[in-house]
Amino acid sequence: MSVVTLKINDIDVAAEAGKTVLDAAREAGIRIPTLCHLDGVSDVGACRLCLIEIKGIPKLLPACVTEVSEGMEVTTHTPQLDEYRRMTVEMLFSEGNHVCAVCVANENCELQDVAIEVGMDHSRFTYRFPERGVDISHPQFGIDHNRCILCTRCVRVCDEIEGAHVWDVAGRGAAAKVVTGLNQPWGDVEACTACGKCVDACPTGSIFRKGSTASELDRDRGKLEFLVKAREENQWTR
Amino acid sequence: MERAELLEQATVAKQAQKRIRIHCCTSTGCQASQSLDVKKQLDNAIKTHNLGDTVEAVGVGCMGFCGQGPMVEIEDADSPAEKKHYQKVTPEQAESIIGSLNGSGEADAIEGDPNHPFFSRQLLIVREHSGRIDPERIDEYLAVGGYQALHHAIYEMSPADVVQEITQSGLRGRGGAGYPTGLKWATVAKMPPGQKYIICNADEGDPGAFMDRSVLESDPHRILEGMAIAGYAVGATQGYIYVRAEYPLAITRLQKAIQQAKRKHCLGAQIFDSPVDFTIEIRVGAGAFVCGEETALIASVEGGRGNPRPRPPYPAVSGLHGCPTLINNVETLGNISPIIRNGAEWFAGIGTERSKGTKIFSLTGKIRNNGLIEVPMGITLREIVEEMGGGVPGANNVKAIQTGGPSGGCIPDRELDTPVDYDSLRELGSMMGSGGMVVMDDDTSMVQVAQFYMEFCRGETCGKCIPCRAGTVQMYQLLTKLLDEKATKRDLDRLKELCGMVQATSLCGLGQTAPNPVLSTLHYFEQEYLDLLQPDPITVAAANRG
Numbered sequence: 001m002s003v004v005t006l007k008i009n010d011i012d013v014a015a016e017a018g019k020t021v022l023d024a025a026r027e028a029g030i031r032i033p034t035l036c037h038l039d040g041v042s043d044v045g046a047c048r049l050c051l052i053e054i055k056g057i058p059k060l061l062p063a064c065v066t067e068v069s070e071g072m073e074v075t076t077h078t079p080q081l082d083e084y085r086r087m088t089v090e091m092l093f094s095e096g097n098h099v100c101a102v103c104v105a106n107e108n109c110e111l112q113d114v115a116i117e118v119g120m121d122h123s124r125f126t127y128r129f130p131e132r133g134v135d136i137s138h139p140q141f142g143i144d145h146n147r148c149i150l151c152t153r154c155v156r157v158c159d160e161i162e163g164a165h166v167w168d169v170a171g172r173g174a175a176a177k178v179v180t181g182l183n184q185p186w187g188d189v190e191a192c193t194a195c196g197k198c199v200d201a202c203p204t205g206s207i208f209r210k211g212s213t214a215s216e217l218d219r220d221r222g223k224l225e226f227l228v229k230a231r232e233e234n235q236w237t238r
Numbered sequence: 001m002e003r004a005e006l007l008e009q010a011t012v013a014k015q016a017q018k019r020i021r022i023h024c025c026t027s028t029g030c031q032a033s034q035s036l037d038v039k040k041q042l043d044n045a046i047k048t049h050n051l052g053d054t055v056e057a058v059g060v061g062c063m064g065f066c067g068q069g070p071m072v073e074i075e076d077a078d079s080p081a082e083k084k085h086y087q088k089v090t091p092e093q094a095e096s097i098i099g100s101l102n103g104s105g106e107a108d109a110i111e112g113d114p115n116h117p118f119f120s121r122q123l124l125i126v127r128e129h130s131g132r133i134d135p136e137r138i139d140e141y142l143a144v145g146g147y148q149a150l151h152h153a154i155y156e157m158s159p160a161d162v163v164q165e166i167t168q169s170g171l172r173g174r175g176g177a178g179y180p181t182g183l184k185w186a187t188v189a190k191m192p193p194g195q196k197y198i199i200c201n202a203d204e205g206d207p208g209a210f211m212d213r214s215v216l217e218s219d220p221h222r223i224l225e226g227m228a229i230a231g232y233a234v235g236a237t238q239g240y241i242y243v244r245a246e247y248p249l250a251i252t253r254l255q256k257a258i259q260q261a262k263r264k265h266c267l268g269a270q271i272f273d274s275p276v277d278f279t280i281e282i283r284v285g286a287g288a289f290v291c292g293e294e295t296a297l298i299a300s301v302e303g304g305r306g307n308p309r310p311r312p313p314y315p316a317v318s319g320l321h322g323c324p325t326l327i328n329n330v331e332t333l334g335n336i337s338p339i340i341r342n343g344a345e346w347f348a349g350i351g352t353e354r355s356k357g358t359k360i361f362s363l364t365g366k367i368r369n370n371g372l373i374e375v376p377m378g379i380t381l382r383e384i385v386e387e388m389g390g391g392v393p394g395a396n397n398v399k400a401i402q403t404g405g406p407s408g409g410c411i412p413d414r415e416l417d418t419p420v421d422y423d424s425l426r427e428l429g430s431m432m433g434s435g436g437m438v439v440m441d442d443d444t445s446m447v448q449v450a451q452f453y454m455e456f457c458r459g460e461t462c463g464k465c466i467p468c469r470a471g472t473v474q475m476y477q478l479l480t481k482l483l484d485e486k487a488t489k490r491d492l493d494r495l496k497e498l499c500g501m502v503q504a505t506s507l508c509g510l511g512q513t514a515p516n517p518v519l520s521t522l523h524y525f526e527q528e529y530l531d532l533l534q535p536d537p538i539t540v541a542a543a544n545r546g
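Taken in sequence, the protein lines are chains A and B.
Each residue of the first sequence is one higher than the last, beginning at 1 in my numbering.
Each residue of the second sequence is one higher than the last, beginning at 1 in my numbering.
For reference, chain A alone in the conformation it holds in the complex (with noise of 0.2 Å):
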C-alpha cells in the first residue's frame, strides 16, 4: 500500500494511494454533502454536490470519483461552491413534490439533512409539481416517484450486491424516472428477490416498506373488549 499526501482546506492529509479525496476528507473529518455517493457501490457523480476546487484544475471535480494524487491541494467549501450546493438542492426541492410532513422518511431522510446542511430553507426556484406516480404493487415495498430524486442508489444497489438489476432508468431529461422490470409494475417484476435493499439504499422517502406508514396501521379496537371479556368470563374464543 502506498500512501500520498495531499492537503484538503489547508490541512495535511495522507492518504491510501487510489482512495477518493472523498474517503480522505471523511478520514480527516472534513464533510463534504453528497446525495448519490453509497458507501459499497459503484460512483456516478450525478447529484454534483461533493464538487470541489483542486488546485491548477480550473474545472470543479466531483469528489467521490477524484482520486487522491501526492501534492494535491483541495477546496471543499468557498462561497461560490456552497452557493452551488445550495442552488442544487433548490432545484432538487423545485422538481418533484418533496411534502415532508406526509412523506415515511420525514426526519430521516438525507435530502432533508443536506438542505439543513448547506443552509436552504426555501427554493428560488418556481415549483414544477409534476404529475408522478405511485407504485404499490408489491406486496412488501412501495415507490413515490414523487419523492424520488434520481440519485439511481437503487439501480446501483439492486445491480451491483443483489444482482438481479431490478431497477434501472427510462426517459430523458425531467421525464427521466426509475422504473422497475421492464417498466412494469413492481410487484409484476420476477426478478424482483424482495430482499429489501432498495429500501435500505433510498436517500429519501421514496422507496419505502409497506406497513410503516400510519395510515396502513391496523387497528384491532375489538381486541380490548374481548380481553375483557375473556378474562371476566374465561371464555378464550373470538
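Hints in this document: simulated from the structure, not taken from any laboratory.
Since we're looking at a predicted model, the values are computed, not measured.
Fair warning: there could be bad hints in the mix.
Taking lysine to any residue and the SDA-like style, the derived pairs with C-alpha atoms no more than 20 Å apart in a straight line are [what the hints assert, rightly or not]:
(1) A:LYS177 to A:ASN97
(2) A:LYS55 to B:ALA504
(3) A:LYS177 to B:GLY459
(4) A:LYS19 to B:ARG309
(5) A:LYS59 to B:ALA504
(6) A:LYS177 to B:ALA299
Based on these hints, arrange chain B on the given structure of chain A.
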C-alpha cells in the same frame, strides 16, 4: 495485394466510365424533391436517344447546393473544366437535358453558374468526391484513388509514422471542441497492446446541421478508409460507426460500402494480404443528442443507456468495454486519407496558424443559397454569408449567425469579419461546433432563439445530473416568462445565475455548454432582454406607498 494491382483496379474502374457523366444527386435532400425520378427519366432518355455508348447517368452524393435541388451536373471527360449545372430539375426536364447533349434542342431546365462564389470559394478536401461518384459502388471510389492511402499506410509506413503524419498535419477534431487529432491518436497508440477500438461518431444532432449525414451518404468509403488507417496507426482491429437511426440512407450506404470493401480486401481480415486486420460494424443509435458525448456514446454502443460518466478516465485510456478507444467525428476521419495521400505539410499549408485544413458548414436559415459548403479555415463569416450565401433574401439584413448548435452561440453582424477558426469563434462566445451555421435576420428575436435552444437542451438532457436536468427546465421557464412579458429584473438575474451554475457544475459537455446560447445572446443583444422586463411589483408597491 500489390500496389500495382490496386492501381490497375482503379484504372479498370476509370475506363469503365462513359465519356459524358450526368451526375444526379441522390442524397436525402434531393431525394425529398424527387431526384430518384429525375435519375430514372435521365436513364430512359439516354436509351431513347441511343446515347448509351457515351453517356451515363450516375446517382451521386450531395453537390452541396441543397436549397436548389434536385441538382444535375454534366461532366464531359473531353472538357472536364466545362461543367453544366442544372438546378431544381423536374423528371419532365430530363428528356430535354439529354436532348441537348446531341444538339437536338436546348435543355429546358434552370442552369446554374458553376463559377458562382458558392462553388468557387470552396476548397474541397473531405467532400472532394462528393457529388462526383456513386457512393454505392466501390469501383467509383477506386477510380478516384480510393484505398490507396490505406495501402500506402500499411505497406510504406509504420503505425508511428502514421500518427506522426496526422500530428504534423495539425488536424483538430471536427466534432466541435477542436482537440488535436494527432495527440488523441498518439494517446491510444501508446496504450499497451491488446484490444483497442475505433469509433466513428456519426451521432450528428445539432439543429440545422447535416454535414456528417451528407459525407456518409456521399462518400462512405472515405470514412471506412479513414477508420482503417486509424486502426492501423493505434493498433485497433475493431471499429464501430455509431450513426443515428434518423439517417437511414447513410446507414444503407455504409452497410453496402462495408460489404464491398470486405470483398475487395480493403477491410476485414488481412487487408490487402497484409497482417493487418480491421473490421467495421455499424451501431444504430436511437437519436439522442447526449450520445454525441464520448462516454455516453460508448455506453450506448455497449448496449446500455446513453448516459455520460465523469472523465477521467478518458476513452483513450478506458473506453468501450474498458479498453482504449479512439473516438473521432465523421469529418475528422474524412480528412485522414487525403492527409496520408498528400502529406502533412500539404494539409498544414491550408487554413490558419492554429486551425488547419477546411471545415464543412451547413449553411441554413435566412439566407439565399443554403446548403453544404467546405471552406478553408480563416475565411471570414462575411465571405461565407454575403458572398457564398448571397445574403439575406428580401429587404432585411443579417442580424446574427448561430454557430456550434446548442453548445455554441450567436455572433452579431458587427463581428462578421471574424475569420472562421476554433479560437476566434470561442473568443466571441460561440464555437466551431460540428458545423451548423444558422443565419438570422432583423426579424429574429434573440430571446426566442435562446428559448429554442434551451427547449432543445431541456428535451435532450439525459437527466443524470441535477444542474442539467433541472437547470435547463428552470432556464427554459425563465426565458418563457420573459417572452410572455411577465418577468422582472429578479428573473433576469436568476437566469444569469443559473447559466453560471449549470455551466460550472454539469457533468458532461451537454450541460456545461447548454447556457451558451443564452449567454451569447445576453452578451450581444442584452437590450432585447431588457425590453421585455416588467416593473418589479414589490418596488412599484414600495414607490406607491412612499
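Status of the hints after comparison with the structure:
no.	hint	result
1	A:LYS177 to A:ASN97	14 Å, holds
2	A:LYS55 to B:ALA504	16 Å, holds
3	A:LYS177 to B:GLY459	14 Å, holds
4	A:LYS19 to B:ARG309	18 Å, holds
5	A:LYS59 to B:ALA504	7 Å, holds
6	A:LYS177 to B:ALA299	18 Å, holds
In summary, the structure agrees with every hint in the numbered list given earlier.
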